[in-house]
Structures are given as structure tokens and as C-alpha cells.
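A.B. asks: Fit chain B to the supplied structure of chain A, relying on the hints for placement.
Listed here are the chains, written in short residue letters.
2 protein chains.
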Amino acid sequence: MKPIEGRKRVIIEDVKPQVDCGRYPAKRVLGDAVTVTAAVFGDGHDHVTGRLLYRHSSEKDWRSTPLSPLTNDLWSASFIADALGDWVYTLEAWVDHFDTWSDDLRKRLAAQPGQPGVSASAEPQDIPLALRSGALLLEQTATRAKGPDSKRLADQAARLLKLAKAKSDTYDYPLTDEIVALVAQYPDLTLETRYPQELHLWVDRERARYSTWYELFPRSTSPDPARHGTFADVQALLPTIAAMGFDVLYLPPIHPIGKAFRKGPNNSVTSTEDDPGSPWAIGAKEGGHKSIHAPLGTLRDFDALVAAAREHGMELALDIAYQCSPDHPWVAEHPDWFNIRPDGSIQYAENPPKKYQDIYPLNFESPDWRGLWEALRDVFLYWILRDVKIFRVDNPHTKALPFWEWCIGEIHKKYPDVIFLAEAFTRPHVMYSLAKAGFSQSYTYFTWRNTRDELRVYFEEITKPPVTDFFHPNLWPNTPDILHATLQNGGRPAFMQRVILAATLGANYGIYGPAYELGENIPAKPGSEEYLNSEKYQIRQWDRSASHSIAPLITRLNQIRRDNPALQSDGSLHFHNVDNSSILCYSKWSGQNQILVAINLDPTQEQAGWIDLDLKELAIPHNETFDIEDLLTGTHYQWHDRSNYVALRPDVMPAHIFRLLRKPNVETPLTP
Amino acid sequence: MKPIEGRKRVIIEDVKPQVDCGRYPAKRVLGDAVTVTAAVFGDGHDHVTGRLLYRHSSEKDWRSTPLSPLTNDLWSASFIADALGDWVYTLEAWVDHFDTWSDDLRKRLAAQPGQPGVSASAEPQDIPLALRSGALLLEQTATRAKGPDSKRLADQAARLLKLAKAKSDTYDYPLTDEIVALVAQYPDLTLETRYPQELHLWVDRERARYSTWYELFPRSTSPDPARHGTFADVQALLPTIAAMGFDVLYLPPIHPIGKAFRKGPNNSVTSTEDDPGSPWAIGAKEGGHKSIHAPLGTLRDFDALVAAAREHGMELALDIAYQCSPDHPWVAEHPDWFNIRPDGSIQYAENPPKKYQDIYPLNFESPDWRGLWEALRDVFLYWILRDVKIFRVDNPHTKALPFWEWCIGEIHKKYPDVIFLAEAFTRPHVMYSLAKAGFSQSYTYFTWRNTRDELRVYFEEITKPPVTDFFHPNLWPNTPDILHATLQNGGRPAFMQRVILAATLGANYGIYGPAYELGENIPAKPGSEEYLNSEKYQIRQWDRSASHSIAPLITRLNQIRRDNPALQSDGSLHFHNVDNSSILCYSKWSGQNQILVAINLDPTQEQAGWIDLDLKELAIPHNETFDIEDLLTGTHYQWHDRSNYVALRPDVMPAHIFRLLRKPNVETPLTP
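Top line first, the protein sequences correspond to chains A and B.
Under the UniProt record's numbering, the letters of the first sequence match residues 1 to 672, in that order.
Under the UniProt record's numbering, the letters of the second sequence match residues 1 to 672, in that order.
Think of the hints as simulated: they come from the structure by calculation, not from any bench.
One should not assume that every hint holds.
Note that the list lumps identical chains together, so a pair holds whenever it fits in one copy or between two copies.
Stated by the list, open to error - Derived pair list, reagent style SDA-like, types lysine to any residue, alpha-carbon separation capped at 20 Å:
#	residue 1	residue 2
1	Lys-2	Lys-414
2	Lys-355	Pro-124
3	Lys-16	Pro-466
4	Lys-162	Arg-341
5	Lys-16	Val-467
6	Lys-354	Glu-123
7	Lys-616	Ser-222
8	Lys-616	Ile-628
9	Lys-355	Ser-121
10	Lys-354	Ile-127
11	Lys-525	Trp-448
12	Lys-165	Arg-341
13	Lys-167	Ile-127
14	Lys-354	His-47
15	Lys-414	Val-88
16	Lys-259	Tyr-356
17	Lys-413	Arg-370
Excised from the complex, chain A in its bound form (with noise of 0.2 Å):
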């Protein structure tokens, strides 16, 4: 069958950012340059233009600007996304018959006989006849253009008709830039291709991409061994965690704790009275998640602690983990809403041989599936107007992946500033749909890639398209829940090597604190990554001022990632070849800001080698010598051309964190 119109000569093609055929929406944060790329090309010599069409979805009209190429096809064009939420663009492109006779008018000009270099016997090359096509095309032009630039053209035309009428030896170019111009506000869409199309784009906030993380359990936090912490007593710490740099304070969930099967220290199945569960046990005869857990204060304690972490420049982020204690309110309210056995009873989470009898997985094959997706996003919602901007998502690989993309949908539809961390250690399409599905953040692998090669792999991909369009990787040394090997046996050194890989691999990363800083790292049992006497079932002590605590190198770190708006972003990340396999070396950069890292991944002893930089990526000139800066020490050095030298003591510093410093007229690269 016939297309409708079958003289759109103009394909386009291969349009980048473009996630899943147009699926799921590419990612931006507020402020950026979007770029957008496609391949654009038609039959023949003919020219092609087009433009890329863009608007906020609020916004009726599109936005357009003129795409520009680049090599091969393709062509690109950029908008700033200055809105958050859901933005749509596509492009269109057509010939150009006005161009292309232009630039045949160019070639015709200059083979006149008697041009520099042609014959005076040349052959003649029509120009009159050229001339009249042109002001044909300048007639066509002026029927669609409005107003006084109607008429502009319209002389125009006329005027290359007297031209050709005139005959004469030779000819210039007869139109100036600016009727150029002006033929170019008013092309001729007839039969232009319009890609088929409408791509979405959603634009977070910068913290969805750029963000420092400090975890603690609130419950570990009075400074009287024999109370439970609070709301206030956190509220008391919030200066000393702002000082450190950390701009999320994390909380494990804070509702009521279930009692039924309630867990007591190191996980064991008994518990007493005095213990006080885990926090991911939730509900109780008190409440649910839209409840607080009455020792930690009470809802007023908590609207004071979220102001106050604002005041301190840092935002409360909650956990909301979606199961149920048995004790959970909804068992009885909603029973269809949970697994039912053959006997009657509530399925409790199982992998079989293992069974968590104090925790209920909800159903979402339930009948009432509706009913559920309604309170789960009500849980948000509730929060959300508590002023609770961020949260972190417990295990939402075990929750159907279309309940998702549904619930943060609705949620950013009204408040396109919620940032949601999805904690999901799970396989790699999981944890990619998760993003996919709306996830604004990401926990990562990370914590299980110590290695030059497992490291140098890994941010390969997730720190470039397609995985960079809709995921943000956010980085964990440790967590409540993993204390990894190196951390067991690497001593102080591994503590500093991981915080250090965390804060600039990583623009988001996190800590799980004070265990992290003070350097906790005793496991359960051997070979288990659980922490021994976890907070998770019990109430710690910690000593913050502990003269071991590696809290002045964190906050060092924080400072840099805030003076540096290289470490802001992962898309410039760059690995940097070393003769020696225990260092890792990598640069990023934004704009004139250029930091390059290198760190000696033995905890164990010192590890040297010869950097071999690459001078294209970093825009340094072969043969220069350039200033560098270690940020950590404030030492400077003077480099020289690709081959460099390090050494790195790990119970000393275990990685130098360089600024490049450059003369500021030096080419630089693009922002990533």
C-alpha cells in the first residue's frame, strides 16, 4: 500500500536519548543541556534540515531549534531542561530545496570562466537560469511568511530576476546573510518527515544525580546507655553529620516494630521484652507505615527533625519497606491483600529451607490489587506532606515492577521533586527496569567489585548511555545489612580505600554511620557479611569522637565533591592505564574543572607505578608539563606529558585526589 504522501524524501533515524524504543523516558536533571542526536538523511545530493521539537508537558505549544550536523548524518540539537518533571520531544527534517540551490549557486559561481583557477573558455554555467530558480523558490517563500518579511522576499525575488534578465559576464553571490536568514525562518513543511514518535524525558532535581548520604539508626543515638534514642536526639547530632559534608540523613524505617516473632539480638528467634526488634519488622497493634514507633518520639518530634536537617542543609530521607510485621494493621483490615495458605493462615516469608515468620509479604496478585497499589502510594503521599522529600525504597525488586512505574508516576506527577533510591541487590535487567520504571536512584554492585578489573568494568557501563539515560548509580561502602570481606580484613586502610572509591566514582554515594567511620568490622559469623550485635536487633553505643574514627578524611571528601563540580556527575568518568594491577586511576571533569584520582587498592602495603594518562581525554597537549594538585594534602606537583609516577602508603592515604591545574585558555573537552 502507498504511504499518503509518498514524496517525503527524508528518513530519521537512530534518535538518542531514546530508552527501550521510547518505552521508558530518558533522565536529565534540571539545568541541563539536552542534546539530542538522530541520523538524518535523504535520497540523492539534495540538502537536508530539520529541527528537534521539545516541550514541557504542561506546555501546549513545541519549542523548536534548527538541528546542526555533525559527521556521517547525524545531526543534534540541544535545550536546556529548565523544569523539572516530564518534558516530550521529536524531530522533523525535510529538504531543503532552498539550500541546496543556494550552495549549487555557490559551485556555479565559482566555475564561471575567467574565476580563480577556470578557464576563460570554460563552460558557461547557466547562471540567468539559476537565478530564476532561485527567485521561484524566493516567491514560495514569500507566500508563507508574514508581514513585512513577506514583502522583503518578494523584492528579493524580483531583484534576482532583473539579475537574470540583465546578462552579464560574471556573477556574485546575490543575497546577503541576512535574506539567507530570513528564508530559513519560513521553510516549506510540506512534505517534511516527522519522526513517528513523541520521546518522553523526565528532569529530577540535581540531587537525584549528586547527593551525599549518612545512614544511622536513630535508636543508637542517646547519649544515656539506658534510653532509646529520638527524634531530638538526632536532632542533636545534625550538626556534627552537616559538618561532615552529608547532605541526605537516612533513616531505617520508623514505625512501630512488630512483636509477633519480633527478632532478638544477632537475628536469633527469641527475643525478651527489652529487645527491640527490627525496624523492618513493621506494624503493630500502634500503627503502620503511615505510623511512628512511640520510643522515637512523636510526629510533632518528627516535623521538628525534618525542618531542623534543613536548616542544617541536608535532607531526611525514610525507608519505606513494604511488608508487614504479623501485628501490622492491614492483616486484619486487608487479609486479601497478603498470601492465604491452604489452612487459612498468612504465607510468611519463606526461601525454602529459611523461614521469616515475623514478616508478611504483601500479595500483588491480589484480587484487590487496586485497593493495595492505592495505600502503598498513600503511604508516600502521607510523608510527602510531612515535608519528606526522599526516600529509600526497601527491596523493591520483590514488588511487581508495573506497581512501580504506576506509583511513581502518580507521585511525580504532583511532586516531581520526590527522589526515590531503589535498594535492590538484585540481577542486572531488575535492578536496569527498577530505574526504568522510576527509580531516580540505584544501589549498585559496588560493595562486591574491589579489583582493578571488577571496578574498571563495571562503571564502564553504568557511567555511559544507554545505562546513563536512565540510571543513577548511588554507591555504599557498607549498610546494615553488608559488611563486606575487604572491610573484615582490610583494616583502617580498606575503610579509607572504599570511602575514597565511593565519594568519587560515585556523584551519590553513601555511608552507613558511625559503624563506617569508626571502622566496625566484625562479622556474625566467618564468611557471613552480616555485622556481629547489628543495630538492625539491637541498641549501640557508639564514640564519635574515638580518636580511629576516619570522620576528618569523610569530610575532606565531602568538601572536595562540593568545591569540584567534577565529582557532581559520572558521565565524564575515565580510566587511566597503571603499570601496576592494585591501582586504579580515573579521571572526571565538568566543564574547566579536571580531577584525576589515583589509588593503590592493596590495603596491605605501599604500591607504586607509572600512570599512563591519557593526554586526548584529559585535553592536555603531548609533551606539557602541568600543575596538579593533591586535594587531600594540598600539595602541589608539576607532571610532564603521559607517563607519570605514584606511590601510595594505604595506612598513610591511600590515593592522591588531584586537581589539574590548567591555563585557563587551554582547549578543554565538553561537558559530558
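C.D. replies: Just chain B now, kept in the frame of chain A:
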């Protein structure tokens, strides 16, 4: 907005093959096993399963085959493309509650107190309850099943209930493999996810992927220098060409040649009455694209040639060039199919300052584009009815791309066995776009890829997905338009090298003869790729029996191609490193057939070096000694492990084409 059914928990994505998000069909050839892969996964730990749905577009009902798991949530299934033409495929997948239950039950059984490795005092595993869950699933399956199957399933459900009630100390897995397989026949599809797209697959006959072309000018086939060659003369040559192993005989345009602005020898703008003109200046008062140039013979002679070629195992391919001489009947009948200049004249071909006054291009923006499209399609249909099933299309990139998609689609609907070769030497996107639009084979940049690195990079691009899903390369070491400097300067060894490369790198290849086998290598002028005294503008005499002819080599190459399935497709091409950059080494395989080529690219002197075989690609164990046979000479060698030495004299034989002689029980790779 919520989906209509929010309980569809399975995601299907990343389906391959898929060309431009399903905008174009993927391509395979008749008899291929078409393997479809996809990422299929859901939330949590529930098992998923699914199937591939496929049908020839002439069939109403889907056929289906179950998906098999690969790694990391990837699944695949295959079907045999056992008919030419348009196929459709998609996938469906669902949570498999029965399989999840079955797997859980096995874990419970293994964890029963007293089982191997399990203490007698271990926690009981609630097996009776699990059996009741299984009975429920079997009952549900029974309601979906038909006839006796339904009863069998219901009986099993009852059996499980009875076992559950009996209370035993230990239990065994209660179902036979037959019952498990029976359950799989009646899946619960209520909550299945269907991939939203139905993807298309185009199935060509095998010659689209494996063909051997010989191009000649019929005008030059007369044994009498005083006489214009005829179809009858060509017919007389068929045994010779067939004996060389070619299966496609391709003729430049056979239509009446225009007289207006006829070109003389060497593209001279002046010509005499005796000059035959260029066959690409199509159309005279005797007729256009459906007529035959009278000096070649009659339509009956043509029919006889087509039939005789088939008798020799060859097919005739016609060159269809959509452009007109000023004498073409269409010029008078349909002036609106051409560009009209402001003075009322028809625009001839131009690339300012160059003029091609003997050629009028067609105007694909004609108001009568519908009439034009139909006329062009009808040219193909006319020759198809004369039993021509292969067309080489001249400069398709200067005709509107949407036209090709429609035209080839229309023809393929009725004649799926027609093969179109695109003669486009233009930018990559345009070349690929023609293949996506429907061209079965494509000319390539092979002619301009001569060094080891040029060849390797280019062939790694065009022989791997995504390109192989829509693009079948056809390699030409020369054409009447292209005599590359490598041939001009390299003498006989260069002609040997380039044809060996073409015949072994490309399952489709062709030569323009007898210029090729006779080593014709004088350019029209220095720096030009045109032949001196080109047959395009004059009749030539050739001495096919000349002793320097490389026809014997070409004959041997074509025989090797026929005997070795490895050389009949391109997807298995793999390069092996050599420590001498003048030697290129690569392998291809199909089933048990393995071919390894080592070729000296230097026409001037012997080159020798150590090949570093990729043993894994060749499925050769480390440290093995294996036999290889050089199919060009019949010589046998014993090679050992990965490092093996070759020395190649270009004047004698620039290449080895080895067949690996392996024990049949050695593990061999899968079919590409």
C-alpha cells in the same frame, strides 16, 4: 492511570532480532533456524516461563515453542523459517506458579529432618501444607485441561491431598515427569504478559546470502570484431562462465540507448554514428526500460538466454537504472516525472560545475508520484514475467527511499523469490537504509578497504548484528566504474589477492569480467578509478584464453566455496592475530566445516609471520596437534596449538585457504 490488569508481573524486553525497534523486518534465508532472544523476568523469586509465538504471515494461527533460559534473565527459542516471505513473531511470558511450587517443594524435601546433611532435630518443613498448595494448583490446571488430561490432573490433585492427610515422617517428590510436563501444557495465561509488538522477519531464498556473480558486456561478446555482440553470443559463452563456477550472470542495461548527447569513447562529449553509447543512457524512440536494444537481439533471443542460463545452473541478473536519456519515451509522455527548469526545459543531471546532458533524472517530488512509482514497479514486473528473478539496481540512493520500501514490498508480496542488489556507494546510513527498505544484497566499501586494519574493522562491522540482521554484503574487487589503485599498481598478484579476499570474506561476491581475470588495469588517467577505453562507451575484444588469465584460480575458488558451507554465509567470520601487518588471517565455519584463510596483502614481495590462532573460536583444545589441508594446492600440514607459521609469495599464491581436518567427536561451535 492504572493499567487494566495490574497483576501482569512479567517484563519482556530487549527482543532480538529487531531492526530499528521493529520498524523494519529482520532478514534470514530459507531453512535458517531463527533464534529469538529476550530478557524475561518478574519481581521476587517466582519462576517465570514463556514461549515464542511465530507464524508465516499467510497463516492465521500462531505456532509456538517454549523459551529456554540462557543466563542472567535472557531466554531464547528458535524456529525453522521453512517458507519464503514475511513472518511474524512475538513472545508471551507469565509467572509459573506451578514450577515455583515444585522447586520450593524439592527444597523443602531436601531439608526434611534426617535428610543427608540435615539434623534429625531440624525444623519441620510443613510439607503437608505444601502438598495441599500443589493440589490446588493441579485442580486449577485440571479445569483448563481438556478430556482425559483433565481427569488425570484432577486425580493427581486428589492424590496430593491424600498424601497430605496421611502424615508421614518423610516425603518424596510426589509427581512423575509426565505429570509435570502435562501441567506445562495447560499454563494459566490469565496474567500473561504479551510483548506489545509483532515483529517481522523477511525470509529470502538462499541465493540472497550466497551467490557468485559474473558481469559482462554483451556488446563485447562477439567473436567477430566487426560485429556487435548479441544475446546469442552470450549464450555461447555460458558453458565457459558456468565452468568457472558462477551462478549469477549479470548484464548492464539491455535497453535502447539514447542518441541525444551520446558519449563517445572514454566518456568523450562528442561521438560518431559508430559509437555504441553508454547502456546507462536509457531510452530511445524504439522504447525504454521494457524494450531491448536492437543490436543485442530480440525478446525471443533474450528468453532463450534466460532459459539457457538456468540450464547451466545460472540465473540472469538485469541492471535496472532508473534514469532516462532525452530520447526516452517517458520524456514526451510524462514530462511531469522530471524536473522542469524555469525556461520550460527538462533538468539534466548536474553536479555543478559538471553536466550530464545525456541523462535526465526522475523527479520523486513529481505531483504524479503515484503514476511514476507504478511505472517503475511495472518495469520489474515486466522482466519478472520473463523469468528474471535477480536485479542489480543502479544508484538506488538517488531515488526516494520510501519508494523502494513500497516497490520491493509490492513485488515481494507476489514474488518473494526476487533478489535485489543495491548498487549504492554512498554514506553508511543511506546504504543501510536501502537494505532495511528491502534490498536483498548491497555493494560495499570492500573495494576501498585494502590494509589489514581497514579490512578487519569494516568486516567486523558488516558481519555482526545488528548489521547482519538486515544487510547482506556483496563484494566486488572491480566494477566497470571502479578500477582501484591497488589493482592499477599491484599487477597480477593484486588481482589474485583481491579475488581471494572477495570470495572468502563474502558469501556473495562478483567480478566484472573478463577485465578482471585478464588483469585489465590501465586507468583512464592517473588518479582516476575509471578504466581506459571502458566498455561503458565502446566495444572491446577480449582474449579469454590468454595465458596470464587468473580464470583457473577463480574456478578453484568457486569450487571451494561450493564444497565448503563455511564460506556460504558471513556471520561466523572471525579474525586471528598475525605478527605481520601484511598478513590477514580469518576463519569461518558452519556446522563441522571450518575454513581458515591466511593471505599476504602485499603484492610486491613474500611476507611471513606467526599466526596466533584463537583456539576457542576454532574449538581446538590447547596443545593439540591437528591436520589442515590447503584447498588451493591440496597440500596437508600438521599444525600445533595456537602459534603457527606461514610464508606467502604473492607471485606464486598469495594465500592459504585451509580446511581444518578434525576428529568428528571434537566439540564444535554452534551454527552462526
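A.B. asks: Each of the hints needs a verdict: does it hold here or not?
C.D. replies: Consistency of the hints with the structure:
1. Lys-2 <-> Lys-414: between (44 Å within a copy, 16 Å between copies)
2. Lys-355 <-> Pro-124: between (92 Å within a copy, 11 Å between copies)
3. Lys-16 <-> Pro-466: both (9 Å within a copy, 17 Å between copies)
4. Lys-162 <-> Arg-341: This pair counts as between: shortest inter-copy Cα distance 17 Å, intra-copy 92 Å.
5. Lys-16 <-> Val-467: both (12 Å within a copy, 19 Å between copies)
6. Lys-354 <-> Glu-123: between (91 Å within a copy, 10 Å between copies)
7. Lys-616 <-> Ser-222: Neither way: Lys-616 and Ser-222 sit 53 Å apart in one copy and 62 Å across, limit 20 Å.
8. Lys-616 <-> Ile-628: within (17 Å within a copy, 46 Å between copies)
9. Lys-355 <-> Ser-121: Classified as between: cross-chain Cα gap 16 Å, same-chain 97 Å, threshold 20 Å.
10. Lys-354 <-> Ile-127: Cα proximity of Lys-354 and Ile-127: across copies only (14 Å, versus 87 Å in one copy).
11. Lys-525 <-> Trp-448: Classified as within; 19 Å inside a copy, 65 Å across copies.
12. Lys-165 <-> Arg-341: Answer is between; shortest inter-copy Cα gap is 16 Å, intra-copy 94 Å.
13. Lys-167 <-> Ile-127: Close inside one copy (9 Å), not across copies (102 Å); limit 20 Å.
14. Lys-354 <-> His-47: between (67 Å within a copy, 18 Å between copies)
15. Lys-414 <-> Val-88: Close inside one copy (17 Å), not across copies (41 Å); limit 20 Å.
16. Lys-259 <-> Tyr-356: Answer is within: at 14 Å inside a copy they meet the 20 Å cutoff, but 91 Å across does not.
17. Lys-413 <-> Arg-370: Close inside one copy (19 Å), not across copies (47 Å); limit 20 Å.
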